[in-house]
Amino acid sequence: MDLSISRADHGDRTVVHLGGEIDVYTAPLVREKLDEQIQAGRTDLVVDLTDVSFLDSTGLGVLVGRLKLARTRGGSMRLVGTDDRVLKVFAITGLDKVFEIHSDVAGALAAGVTPAETS
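At position 70 of the sequence shown the residue is numbered 70 (this note's numbering), and the sequence of numbers has no breaks.
Check before you lean on any hint, since a few could be wrong.
[Said to hold, decoys possible] Within a straight-line C-alpha distance of at most 30 Å, the following computed DSS-like cross-link-like pairs (lysine-lysine) qualify: (1) K88 with K68; (2) K97 with K33; (3) K68 with K33.
[Stated by the list, open to error] Here are the in silico distance ranges between beta carbons for each label pair: (4) S103 with I5: 17 to 23 Å; (5) A91 with G11: 29 to 35 Å; (6) E100 with G19: 16 to 22 Å; (7) F54 with D9: 26 to 32 Å; (8) S57 with D35: 15 to 21 Å.
No lab work stands behind these hints: they were computed from the structure.
Please read all numbers here as calculations on a predicted model, not as lab measurements.
Ideal placement from N, C-alpha and C gives every residue a C-beta, glycine not left out.
Make the full structure from the sequences, and use the hints.
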């Protein structure tokens, strides 16, 4: 199982950094860790996929499910990714139209910030 997971809070936003492979074996752990954040009220999530080398349909399903869960609780989930193979999976499935995908964490954190939050 080749997966690393870490998190960092940035004000009201939480960045969950994933690295390695997200597949049928590791996806349950990703689901568990994202659920922990959402259950704790950290519903404005940025999921950093920059160091993900492989993502299969099980991993996609986890991300879609957590996006829906965050939205039902008034939150959001943005993704960060630069790996062409990983981005291609989103493009092929049409999920690049469902998720906001940014090229870096700073851009994802800045997205959706209201002027009142920046002052």
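Which of the numbered hints above does this structure break? The structure breaks none of the hints.
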